[in-house]
Structure formats: structure tokens, C-alpha cells
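Chemist: Below, each chain spelled out in residue letters.
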Amino acid sequence: MEFFEGVLVSEIYNPLFLILGIPLAGTIILACISNRHYAAWFNVIISLITLNGAVSLLVIRPLETMLFFIDDFNIYLVILTAFVGFTTALFSAAYIGRESKARRLSLNQLRFYHSMYQAFLFTMLLALTANNIGVIWVAIEAATLTTVLIVSLYRTREAIEAAWKYFILCSVGIGLALFGTILIYLSAQPIMCDGVAALAWTQMIKRAEIFQPELMNLAFVFLLVGYGTKIGLVPLHAWLPDAHAEGPTPISAILSGLLLNVALYALLRFKMLINSNTYALQPGYLMIGIGCSSIFVAAFMLYRRGDIKRLFAYSSIEHMGIIIFAFGIGGTLANFAGLLHMAMHSLVKSAIFFAVGLITQATGTKRINDIRGLTVTHPILGWAFVIAVLAIAGMPPMGIFMSEFLIISSTFTRNAWLAIPVILGILTAFGALIMRLQGMVFGNPGHLSPKSERTYQGRFLRSIGLAPLIMHLVLVLIVGVYLPKSLVIWFQSVAKLLG
Amino acid sequence: MILSKFFENYAYDVAHLIGAVVLMMSFGLLYQCRMTAVIRIYSFQAMVLALAAAWQALIQSAPHLYASSLIALFFKGIAVPFVLSWLVRRLGIHRTIETALGIGPTMIVGVALVALSIVLLLPVTTLSTAMTRENIALAMSVVLLGFLMMITRRNAVMQVIGFMSLENGLILAAVGAKGMPLVVEISIAFSVLVAMVLFGIFFFRIRERFDSLDITYLETFRGERR
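Protein sequences appear in the order of chains A and B. Mapping the first sequence onto this note's numbering, position 476 (from 1) lands on 476, and the numbers just tick up by one. So this note's numbering is basically just the index in the second sequence, starting at one, shifted up by 499.
Careful, some of the hints might be misleading.
Pairs of lysine to any residue, SDA-like flavour, derived with a Cα cap of 25 Å [claimed, not checked]:
#, chain 1, residue 1, chain 2, residue 2
1, B, K677, A, I205
2, B, K677, A, T202
3, B, K677, A, Y303
4, B, K677, A, P190
5, B, K677, A, I60
6, B, K677, A, I478
7, B, K677, A, A416
8, B, K677, A, T65
9, B, K677, A, C193
10, A, K206, B, K677
11, B, K677, A, N217
12, B, K677, A, P213
13, B, K677, A, M66
14, B, K677, A, V474
15, A, K206, B, T535
16, B, K677, A, R207
17, B, K677, A, I210
18, B, K677, A, I191
19, A, K206, B, T628
20, B, K677, A, V196
21, A, K206, B, L572
22, B, K677, A, Y279
23, B, K677, A, M192
24, B, K677, A, F68
25, B, K677, A, Q203
26, B, K677, A, R111
27, B, K677, A, F412
Quick caveat, the hints were computed from the structure, so don't treat them as lab data. All of these numbers come straight from a predicted model, not from anything done at the bench.
Sequences are here, hints too, so could you generate the full structure?
Modeler: Spelled out as C-alpha cells, the structure:
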């Protein structure tokens with residue numbers, strides 16, 4: 001079935017109502033549910049309905065309006081976001097269940113957490129489906145605000161510092177992105193009509209070739225720095241490791257797996273505008289430069305990490321660098337690889353954070369040196385973790401290997417010299433991850449404290465916690481071994497769209 | 500008839516004047532070290548911003564900008580400074596605040612930033628009207644000075660004020676861009692509102708845990724526990 005061509009356009013049932021309305025309603029309802037079991041499972045159900053709505057986009061595509069639209073590019077990110085949102089909700093039910101059993105979170109905090117979880121999903125889906133570059137900006141700002149609140153959930157000194165840093169840095173970044181948006185509007189102003197349509201992306205792209213190129217150049221610099229802060233590109237990444245390390249682990253999973261993608265999506269929309277103006281600068285070079293710096297700095301930072309969550313936060317920076325590098329290279333193949341890498345990184349990185357969450361709960365520590373012999377003490381978890389880390393490091397059978405391979409081979413066809421820093425960066429990161437992995441999963445487990453042993457008990461919660469992890473890994477394996485033909489055609493059409 | 504003639508002649512001059520006053524207030528923020536004075540200058544800047552928005556609404560005949568003007572006047576000009584001074588009193592931080600860079604060098608850097616934004620923006624906006632060009636250059640100066648303030652001040656409240664003056668610059672840019680849809684302004688105001696609530700919560704938590712709002716205390720933690 002060719003599901004992406006000849007889609008139905010329906011006026012009666014609009015999936016956007018489900019996709020945006022359900023998380024918004026969930027935000028309000030979950031704020032009222034004080035029973036922690038109900039809240040966790042209600043969160044899962046809401047996310048499942050949202051996922052249903054997202055999947056129905058494949059069959060029924062809503063009409064394009066001045067505020068919302070769905071095209072080949074954002075449809076996949078919407079589905080990916082809804083999917084990871086659902087699996088993370090499932091994981092969160094297990095994780096938070098144990099956290100509250102261990103009395104680390106009060107009932108009010110839990111209520112707040114679940115409510116903000118849905119609010120966060122809502123803002124991300126809003127940013128992805130919005131047609132208006134102003135609305136995209138608002139949604140990303142709101143996503144920042146909701147995540148700041150969740151990152152500070154534990155209210156420890158570290159969590160507050162992380163949240164404060166995150167808030168200040170990202171607010172400033174978002175401010176710059178707004179200035180860039182205003183400049184883009186000014187570059188379009190002599191041509192576009194007034195009103196909401198003037199900021200509608202679908203209207204702008206039609207006329208982008210006659211926008212004022214100099215203003216667009218300036219705007220892109222602001223947008224790259226602004227949204228780049230949110231993506232976590234290297235000179236602007238200071239908030240990312242802290243926010244990932246101190247927030248609850250399910251939030252680390254969606255921060256890394258989804259939010260970074262959403263900010264990247266916003267940047268790519270602007271890149272498409274600038275690409276279609278022949279007199280404007282080629283954004284590719286800037287993106288290649290910042291991508292390389294991200295890959296390198298993050299790869300070397302990986303070596304000296306002592307905290308397991310910070311280790312994988314730096315790995316996210318590295319992968320964002322790889323993705324932005326791929327889009328900077330441009331061309332159908334590199335764009336295709338970049339899109340694939342976005343999806344694969346999102347799945348694998350959230351799987352890793354699921355595993356990390358279970359590991360920290362099982363061992364009672366986040367310090368890498370204190371975690372030993374996981375494959376002996378917790379065989380399923382330990383081996384799943386091994387597979388996930390090998391996947392993120394880029395080992396062959398998994399999807400990430402494929403996308404990295406495509407990125408490097410397409411770089412060789414463009415400019416062979418550019419491929420060298422990327423290969424070196426990836427190898428450096430590979431070495432660091434394998435080195436850290438060995439210590440954690442093999443060797444003598446030593447003794448686990450009896451208290452942490454007890455918190456890991458509960459067969460039901462354990463299997464619920466493991467299910468999303470294994471689900472993600474299986475998906476990534478399938479993509480790595482066999483990519484369905486229809487998916488390839490679809491990816492290629494988007495890659496062409498990106499120019 | 501006479502009135503419309505008046506507008507034609509003075510529309511640009513007055514807009515320019517108001518924009519320049521907003522910029523001067525940014526310099527005032529950089530210069531001033533005492534907490535209460537900084538809050539007052541911020542309040543005045545927001546009120547001038549309200550005037551700028553109202554003037555733009557008049558000359559562009561864009562009534563929705565009056566809404567932005569009112570938001571700037573009542574929320575940013577009155578409510579926010581009120582809450583801030585309440586916080587300052589409650590937390591007992593009347594004292595003067597240390598700056599990371601002396602006043603003199605800060606001023607020189609500030610002037611350089613204004614020059615930078617003029618040099619950067621005037622050549623690239625040749626197709627826009629003179630009004631838009633000057634306005635966007637002033638707005639960018641305010642944004643950059645807001646940055647400078649955030650960099651040079653060590654105190655959390657001061658940094659927040661620097662951030663909010665940066666937002667003032669953004670709104671100045673938005674109201675000056677002719678025909679920019681309202682969606683954006685309302686959303687900005689809304690996000691500032693949310694941000695303010697957040698800041699309030701943050702202040703209390705920081706107060707609870709650190710006994711000081713000085714950011715240097717926060718920096719002791721680098722996140723790497725070995």
C-alpha cells in the first residue's frame with residue numbers, strides 16, 4: 001500500500017484534534033488526579049490515543065490552514081514523537097511507580113509531573129504541526145518552560161542549578177530565535193500580504209526566492225544560534241548535560257529523543273526558506289562547521305564522564321552534530337541519511353535512557369565507576385543495555401550504522417576532506433562508549449546494597465519497564481537490516497524537499 | 500487634515516525619539532548598581548516601550564498594537580516591577596550589586612554594540628522604509644545591551660532584569676515591523692507572564708537552598724561527581 005501518495009483529505013475527521021487536543025486535555029485532567037497508580041496509567045492511555053491520532057495521519061491528512069499543516073516532512077516527526085511519547089509514558093509508569101514507592105516524590109510532585117509530561121508532549125506536537133513560524137516559536141518556548149519545571153522536580157541543589165541554567169540559556173536562545181523570526185518577516189514584508197498569512201510557512205516558501213537575501217542571511221545566523229542552543233550545538237550546549245542528568249530519567253529520554261529533534265525541525269524549516277532563495281548565503285557551510293565542532297567536543301568530552309546520564313547526554317550532542325552536519329552537506333542522499341539518523345537516534349537514545357533509569361534504580365547510583373557486572377546481576381537489562389550502547393556507538397547490524405554510513409559516503413562524493421573529521425569524531429566517541437560500557441556490564445558485580453535490591457523487585461513493574469526498551473531496539477534492528485521500500489521512497493521524497 | 504499632515508511630518512521623528520529613549524534606558528540599566536534603581540529604570544523602559552507600541556499603532560493604523568502597548572504598560576511597566584521589588588524586600592537584597600566588569604568598560608562595550616547593530620543592519624535593510632530600518636537597529640541594540648547586562652551582573656535578579664530588557668528589545672522590533680501579525684505579540688506577553696511565575700518559584704527555591712541569590716554560589720556545582 002502506498003500510504004503517502006493519494007492520501008485522503010477529510011473535512012469531517014481531523015486527526016489534529018486528537019493529536020493536539022488529547023495531550024492538552026490530558027494536561028488538565030492529570031493535574032486533578034491525585035491517585036498515583038491511576039495517574040500513571042491514565043498518562044499511558046492518553047499517550048496511546050495521541051499515537052493513534054498521529055498514525056491516522058498516514059491515511060487521513062487534514063486540510064492545510066494558515067495555522068496548521070501536515071506535509072511529508074513533519075508527518076514522520078509527529079508519528080515519531082507520539083510513538084516515543086507513548087513508550088516513554090509506559091516506561092515512566094514503571095519508573096515513577098518505583099520512585100514513589102521509594103518515597104522520593106510526594107503525591108503533589110507526581111501530579112505535577114504527569115500534568116507537565118502531557119503539556120510537554122502538547123507543545124512539541126504543536127511546534128511540529130504549526131504552519132506559522134510565530135506559532136512554532138511560541139511552542140518551542142512553551143516546551144522550554146514545561147521542561148524547566150520537570151527538570152527541577154526533585155528540588156535538590158543540583159536539580160535547581162540545572163533547571164536554572166537550562167532556563168536562562170534557553171530563554172536567551174529562544175529570544176535570539178524570535179529576533180531571527182522577525183528579521184525573516186522583515187525580509188518578506190515587501191512581498192507578503194498582511195495578516196496571519198504573512199507568517200505562514202507554506203505561503204512564505206512559495207515566494208521565498210524574491211525575499212531580501214541580505215536580511216535572510218542575518219536572520220539565519222540568529223536562528224542558528226537561537227534554535228542551536230535548544231538543539232545543544234557545541235558552543236551553546238552548556239545546559240544540556242545538566243538538564244539531562246538532574247531531571248527524572250523518563251524526561252531525559254524525551255528531552256534527548258524528541259525535544260532536540262523538534263528544535264532541529266524548526267531550524268530546518270528556515271533552512272528550506274533560505275535554500276529556495278538563490279541570492280542568500282548557503283546555510284550548509286555554517287551547519288557543517290557547527291556540526292563538526294559539536295561532534296569533536298562531545299566525542300572527547302565522553303572520555304572523562306563520571307556520571308552515567310551525563311555520558312549519554314554528551315553522546316546526544318555528538319549525534320545532533322552528526323545530523324546537522326548531514327543536513328549541511330545537503331543533497332538527496334545526505335538529507336535522507338540525516339532524516340534516518342534523526343529517527344534512529346531518537347529511538348536508540350530514549351532506549352538507552354530507559355535502560356539507564358532501570359540501572360540507576362537497580363544499583364542505586366549514577367556513578368559509572370560504581371556500576372559493575374550488570375550482565376551478571378540483571379541479565380536481560382544488562383544485555384539490552386549492551387545492545388543499545390553498541391547501537392548508539394554505530395555497530396553494524398543496527399540502524400545508526402546505516403545512517404552514519406550513508407552520511408559518510410555521501411560526504412565522500414561531495415568533498416572527501418570533510419568526511420575525515422566526522423569519521424575521526426565517530427571513532428573517538430565509539431572508543432569512549434565501549435570503554436565505559438565494559439566497566440559497567442562486565443566484571444565482578446561486587447555487592448549491591450540490600451535496599452536497592454528491594455526497590456528493583458516487582459515483576460510486573462520490571463517487565464513494564466523493559467518492554468519499551470526492547471521495543472525500540474527491535475525497531476532499530478529491523479531498520480538496520482531491512483528498510484521497507486515504501487519507507488525509502490518516502491524518505492527520498494522528503495530529502496528532495498529539503499534540497 | 501492638519502493632523503494627518505502632522506503625522507506625515509513627524510511620524511518618523513517621534514518613533515525614532517521613543518526608540519532612542521528605550522535604548523537610553525538600557526544604558527541606564529547597565530550603569531546602575533542599586534537594586535531598587537535598576538527595577539525603576541526597567542519599569543520606565545517598559546513604559547516607554549508601551550508608548551512606542553502605541554505610536555506605531557497610530558501611524559501604522561494597526562489597532563491591535565494598542566493591545567501590545569497596554570500589556571507592556573500594565574504588565575511589564577507596573578506588575579513586574581511591583582513583584583520584583585516585593586521579592587527584593589522579602590529576600591532582603593537591597594545592597595548594591597557587584598558587576599563582573601567595571602562601569603566604564605561596560606559603557607564602552609555597550610556603545611560598541613550599538614555601533615555594531617547599526618553597521619550590521621542599515622546596509623541590509625535598504626529595501627525597507629527608513630522607519631523600519633532605524634527601529635530594527637535600535638531594537639537590536641537593546642537586545643545586545645540586555646545580553647551585556649546578563650553577562651556583567653552576577654546576581655540572579657539582575658540577570659532576570661537583563662533578560663526582560665532583552666525581551667523589551669524584541670517587542671520593540673516586533674511592533675516596528677509593519678504588519679506583523681498579532682499572534683506573536685500576545686504570545687510574547689504570555690510567555691513573559693509564565694516566565695515571571697517561574698522566576699518567582701525559582702527565587703524561592705534558590706533562597707531556600709543557597710541563602711543567596713548570587714549566581715557564583717550556583718557555579719560551585721559542575722555536575723561531575725566522581
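Chemist: Next, verify each hint and record whether it holds.
Modeler: Here's how the hints hold up against the structure:
Taking the CA atoms of B/K677 and A/I205, the gap is near 20 Å; set against the 25 Å cutoff, the hint holds. The hinted pair formed by B/K677 and A/T202 meets the criterion: a straight-line CA distance of about 21 Å does not exceed 25 Å. A C-alpha spacing of about 51 Å is found between B/K677 and A/Y303, which places the hinted pair above 25 Å, so the restraint is violated. Restraint check: the Cα-Cα separation between B/K677 and A/P190 comes to about 10 Å, which is no more than 25 Å; the hinted pair holds.
Restraint check for B/K677 and A/I60: the C-alpha separation of about 38 Å exceeds 25 Å, so the hint is violated. Pair hint B/K677 plus A/I478 does not hold up; C-alpha atoms about 52 Å apart against a cutoff of 25 Å. Distance restraint check for B/K677 and A/A416: the Cα-Cα separation of roughly 46 Å exceeds the 25 Å cut-off, and the hinted pair is therefore not satisfied. Distance restraint check for B/K677 and A/T65: the Cα-Cα separation of roughly 23 Å lies within the 25 Å cut-off, and the hinted pair is therefore satisfied.
Distance restraint check for B/K677 and A/C193: the Cα-Cα separation of roughly 11 Å lies within the 25 Å cut-off, and the hinted pair is therefore satisfied. Note on A/K206 and B/K677: the hinted pairing holds, with a Cα-Cα distance of about 21 Å set against a maximum of 25 Å. Of the supplied pair hints, the one linking B/K677 and A/N217 holds, its CA atoms being roughly 20 Å apart against a limit of 25 Å. For the hint linking B/K677 to A/P213, the alpha-carbon distance of about 19 Å falls within 25 Å, and the restraint holds.
Annotation: proposed proximity of B/K677 to A/M66 holds, straight-line Cα distance about 19 Å (limit 25 Å). For the given pair, B/K677 sits about 53 Å from A/V474 by alpha-carbon distance, which is inconsistent with the 25 Å threshold. Taken as a hint, the A/K206 and B/T535 pair is broken in the structure, with Cα atoms around 51 Å apart against an allowance of 25 Å. For the given pair, B/K677 sits about 19 Å from A/R207 by alpha-carbon distance, which is consistent with the 25 Å threshold.
Note on B/K677 and A/I210: the hinted pairing holds, with a Cα-Cα distance of about 18 Å set against a maximum of 25 Å. For the proposed pair B/K677 and A/I191, the alpha carbon gap of about 12 Å is at most 25 Å, so the pair holds. Straight-line distance between C-alpha atoms of A/K206 and B/T628 comes to about 24 Å, which keeps the hinted pair within the 25 Å bound. For the suggested pair B/K677 and A/V196, the alpha carbons sit about 13 Å apart, so the restraint of at most 25 Å is met.
A threshold of 25 Å between alpha carbons decides the hint, and for A/K206 with B/L572 the separation of about 38 Å lies outside it, so the pair is violated. The hinted pair formed by B/K677 and A/Y279 meets the criterion: a straight-line CA distance of about 24 Å does not exceed 25 Å. Distance restraint check for B/K677 and A/M192: the Cα-Cα separation of roughly 11 Å lies within the 25 Å cut-off, and the hinted pair is therefore satisfied. As the CA atoms of B/K677 and A/F68 are separated by approximately 24 Å, the hinted pair is consistent with the 25 Å bound.
Between B/K677 and A/Q203, the direct Cα distance comes to roughly 18 Å. Compliance with the 25 Å bound is thereby established for this hinted pair. Between B/K677 and A/R111 the CA atoms are separated by roughly 44 Å; this puts the pair beyond 25 Å, and the hint is violated. Distance check on the hinted pair: B/K677 and A/F412 sit about 46 Å apart at the alpha-carbon level, beyond 25 Å; violated.
Against the hints set out earlier in the document, violations occur for numbers 3, 5, 6, 7, 14, 15, 21, 26 and 27.
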